[in-house]
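S.K.: Sequence:
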Amino acid sequence: MSKEVRNKDLVIIGGGPAGLTAAIYATRAKLDMILLEDQIVGGQVRNSYTIENYPGFKEVSGSELADKMQEQAEALGAEIDEFDMIEKVDFSVDPKIIETTNYIYKTKAVIIATGATPRKLPIPNEERFSGKGVHYCAVCDGAMYENKIIGVVGGGNSALEEALFLSKFASKVVMIRRYDYFRGEKSTLDEVMKNPKIEILFNEDLVDVRGENFVEKALIRNVKNNTEKEIPMDAVFGYIGTEPKTVQFKDYINLTPNGYIITDELMNTNIKGVYAAGDVREKQHRQITTAVADGTIAALEAEKYIVESKRK
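Per the working numbering, the sequence shown starts with residue 402, numbered consecutively.
One or more of the hints may lead you astray.
Pairwise CB distance ranges (calculated) [stated by the list, open to error]:
id, residue 1, residue 2, range
1, 667, 600, 38 to 48 angstroms
2, 625, 531, 28 to 38 angstroms
3, 671, 614, 44 to 54 angstroms
4, 671, 527, 29 to 39 angstroms
Cross-link-like lysine-lysine pairs, in silico, DSS-like; alpha carbons within 30 angstroms at most [unchecked claim]:
id, residue 1, residue 2
5, 673, 431
6, 404, 651
7, 573, 625
8, 587, 569
9, 521, 569
10, 598, 459
11, 507, 489
12, 713, 507
13, 598, 533
14, 711, 404
15, 569, 595
16, 595, 625
17, 489, 630
18, 630, 595
19, 651, 705
20, 646, 673
21, 489, 684
22, 507, 646
23, 549, 587
24, 673, 489
25, 595, 618
26, 630, 521
27, 404, 431
28, 507, 533
29, 711, 489
30, 587, 598
31, 705, 431
32, 549, 618
33, 630, 618
34, 711, 507
35, 630, 573
36, 673, 507
Keep in mind that the hints were calculated from the coordinates and are not lab data. Values in this document were obtained by computation on a predicted structure and should not be read as measured data. For glycine and all other residues, C-beta sits at the position ideal for the given N, C-alpha and C.
Please work from the sequences and hints to get the whole structure.
M.R.: Pasting the structure below:
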């Protein structure tokens, strides 16, 4: 059975802060647009327990902020389609083609805002214990470990923030940090250092996890003297960076060796009419505010491109 072909001015791929912001601007510009999201709208921000650095909110949960962004976009008339998987794209033609499970979209412009996913822990038993003690989302899975010992691997803001969140459930949180310093904000680090339920193991690296059906122990190695030891552990949560979701675009879009999309400051990719915004883009800082800024610029540039193309 052939798929319905839908013609659009703009297709936004990805429903995180960058994509939702782009949708708000595109809708206000009266563009015929749709936002495609293969999961629940909100992106990684939805997994944040508390956000304290987004202007206008002294404190807000990630899910609440995501909901407000989505509600604003939809109230303006944005069309959002969740859980429709993209099967393939063709950016070599005009209009560009995006084929999903249900439709074929032909569009003048595209904004890629697919974001990134947590990088998996590089340990032998990662796959075996995935969901059985190895996790990457504290908000999603932390409550499973009430009064248990939880490990957190990483050294940035995410690791620090999630350690604080997990301390609400755990009897003890053990931060495993391969260096003798953290890269997170000092205010968050101060909270972690003062928390009596959090223990920090500096200069230690997670080598593997062990157990029968679920994680029971963690094997760690001291990076200075190379000695190894096992410690009791019911779960480990990894926060060692992210990997961009760009596999579907690699045949058309220029990427860095790490897979991030290369753009200029106006969010232009190497393909005219295709823009990238948010965490999927190569840049120095990845924050909610920078994603929102990217989405704004991408939508404004896409609008200009679409208007000019209609004049031809």
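S.K.: Decide, hint by hint, whether the structure agrees.
M.R.: Structure-based check of all given hints:
1. 667 to 600: 38 to 48 angstroms: Taking Cβ atoms as reference, residue 667 and residue 600 lie about 47 angstroms apart, which means the hint holds.
2. 625 to 531: 28 to 38 angstroms: With a Cβ separation near 30 angstroms, residue 625 and residue 531 satisfy 28 to 38 angstroms, so the hint holds.
3. 671 to 614: 44 to 54 angstroms: Because 48 angstroms falls inside the window, the suggested range holds.
4. 671 to 527: 29 to 39 angstroms: The hinted range 29 to 39 angstroms holds for residue 671 and residue 527, with Cβ atoms some 34 angstroms apart.
5. 673 to 431: Holds, because 21 angstroms separates the two Cα atoms, which is no more than 30 angstroms.
6. 404 to 651: Cα-Cα ~25 angstroms, so holds.
7. 573 to 625: The given pair, whose Cα atoms are some 25 angstroms apart, holds under the 30 angstroms limit.
8. 587 to 569: 21 angstroms, holds
9. 521 to 569: Roughly 24 angstroms between the alpha carbons, so the hint for residue 521 and residue 569 holds.
10. 598 to 459: 25 angstroms, holds
11. 507 to 489: The given pair, whose Cα atoms are some 12 angstroms apart, holds under the 30 angstroms limit.
12. 713 to 507: 18 angstroms, holds
13. 598 to 533: 23 angstroms, holds
14. 711 to 404: Status holds; Cα separation ~26 angstroms.
15. 569 to 595: 14 angstroms, holds
16. 595 to 625: 26 angstroms, holds
17. 489 to 630: Between residue 489 and residue 630 the Cα gap is close to 47 angstroms, so the pair fails against 30 angstroms, i.e. violated.
18. 630 to 595: Cα-Cα ~26 angstroms, so holds.
19. 651 to 705: Distance of about 25 angstroms is within 30 angstroms: holds.
20. 646 to 673: Within the cut-off at roughly 21 angstroms; holds.
21. 489 to 684: Given that 30 angstroms is the threshold and the Cα spacing comes to 26 angstroms, the pair holds.
22. 507 to 646: Given that 30 angstroms is the threshold and the Cα spacing comes to 22 angstroms, the pair holds.
23. 549 to 587: Holds - the C-alpha atoms of residue 587 and residue 549 are around 27 angstroms apart, at most 30 angstroms.
24. 673 to 489: With a Cα-Cα distance of about 19 angstroms, the restraint between residue 673 and residue 489 holds, given a limit of 30 angstroms.
25. 595 to 618: 26 angstroms, holds
26. 630 to 521: 22 angstroms, holds
27. 404 to 431: 26 angstroms, holds
28. 507 to 533: With Cα atoms ~42 angstroms apart, residue 507 and residue 533 exceed 30 angstroms; violated.
29. 711 to 489: Holds. Residue 711 to residue 489 sits at ~26 angstroms (cutoff 30 angstroms).
30. 587 to 598: Distance of about 19 angstroms is within 30 angstroms: holds.
31. 705 to 431: Holds, at roughly 12 angstroms.
32. 549 to 618: 12 angstroms, holds
33. 630 to 618: 10 angstroms, holds
34. 711 to 507: 15 angstroms, holds
35. 630 to 573: Satisfied, since the Cα-Cα distance of roughly 18 angstroms is no more than 30 angstroms.
36. 673 to 507: Roughly 15 angstroms between the alpha carbons, so the hint for residue 673 and residue 507 holds.
Of the numbered hints listed earlier, those contradicted by the structure are 17, 28.
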